[in-house]
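Which chain is which? The protein sequence lines are P and F, in order. If you count the first sequence from 1, position 107 lands on 87 in the numbering used here, and the numbers rise without skipping. Here the numbering used here runs 4 ahead of the position in the second sequence, where the first position is 1.
Please note that a few of the clues may not be correct.
If we take Cβ atoms under 7 Å as the criterion, some of the chain F residues that face chain P in the derived model are [as the list claims (entries may be wrong)]:
hint, residue
1, Lys46
2, Gly47
3, Pro48
4, Leu50
5, Ser89
6, Phe93
7, Ser104
8, Ile106
9, Phe109
10, Gly110
11, Arg111
To be clear, the hints were calculated from the coordinates, so they are not data collected in a lab. We put the beta carbon where it would ideally sit given N, CA and C, even for glycine.
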Amino acid sequence: ETGVTQSPTHLIKTRGQQVTLRCSSQSGHNTVSWYQQALGQGPQFIFQYYREEENGRGNFPPRFSGLQFPNYSSELNVNALELDDSALYLCASSLDEGRREQFFGPGTRLTVL
Amino acid sequence: GENVEQHPSTLSVQEGDSAVIKCTYSDSASNYFPWYKQELGKGPQLIIDIRSNVGEKKDQRIAVTLNKTAKHFSLHITETQPEDSAVYFCAASRDQGGGSYIPTFGRGTSLIVHP
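Here chain F stands alone, though its shape is the one from the complex (with noise of 0.2 Å):
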């Protein structure tokens, strides 16, 4: 089965600094790699996802690329701010027969933005 790798586990950034955080996936028939977002007490959010047709997508200060050869995908966020702080998520699924996609999910990373 699919196994996806996360890194770091904790990401501490100044207010206004870059983060970037990694995963690695095994499985090259995943093609579509989601990145959630879970705040304290809540489930996780979807806040940007990537198909492996795409290298590279962007959402105002949130992007994520994808490098199919290497198995690996990264969550590029600039100019954090406190309310960034959260637990982070990435995830690879592929369709399971009939449409159906089931995420396998990194073991997250905390992200803690200092004002």
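Bound-form chain P, shown alone (with noise of 0.2 Å):
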């Protein structure tokens, strides 16, 4: 059974520019969520896929959009990126939103200069 995974594992970018992550479900899984998690701080929920649609988002703004995959699989994109966007970037997945263990992956290291 393949876990989480994401792509790519850092990730350097300048004020202004756009970013996209990538994220692998574990085998199985239907539900991805995306965390921002900031030096220090526990994981901030961003928003969450299931079976293609946006099932629920967290205090982010707009130019934070994902989007899932037939396969799954997930795409979190940034743009006009800021110095506070510097972190973390968490993919998580489950089966069914009705499950509630989540599958962390690695992370993405995102630094914004």
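Given two chains presented individually in distinct reference frames, assemble the corresponding complex, making use of the accompanying hints.
Rendered as structure tokens:
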């Protein structure tokens, strides 16, 4: 069974640029959630996708957007990057929105200069 | 929205000692409380969880207790080992509708176990 994978591992961007982060769900999982984890903080919920539809959103501006594909992999897109967007971005997958256990990937470390 | 407070932020113990991490939550509708362990360079890993219809749950050296009236829950690790050193996060969540649970995390506790 393949776990949750994310790419890239690290990324450096400059203010105003756009970035796309990718996540492959654990085999059989159809729900993906994205989190932002700033240094020394707990993960903050960005949004969740279930069967390719957005299924909940946290307190993040519209420049944070996402997609889920038919194979349940997912992308997180961030436009007009700001310095405060520097963080570890975590993807978590689960089996059906009714299941509560989420399995996290290793994250993508984004640095905005 | 939900607010989760976690204490202490850092906990240093000797190998073999017990460690206790405490969390409080604000939303009385929260009914699922997972605990995650995050090692350096890795994503959080679920180590134990508890639902609101249970007051205590144990898995080998790890136990979690829940007091719904007081809205607090705790993680207990007995006979700590150096490999228990990591950052631990508590979280609280509830059904957002349609069965989706979205957790609110605490700020984490850095546990250091000295050999």
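* Hints the structure violates: just list their numbers, smallest first. => Checked against the structure, the only hint that fails is number 5, while the rest are satisfied.
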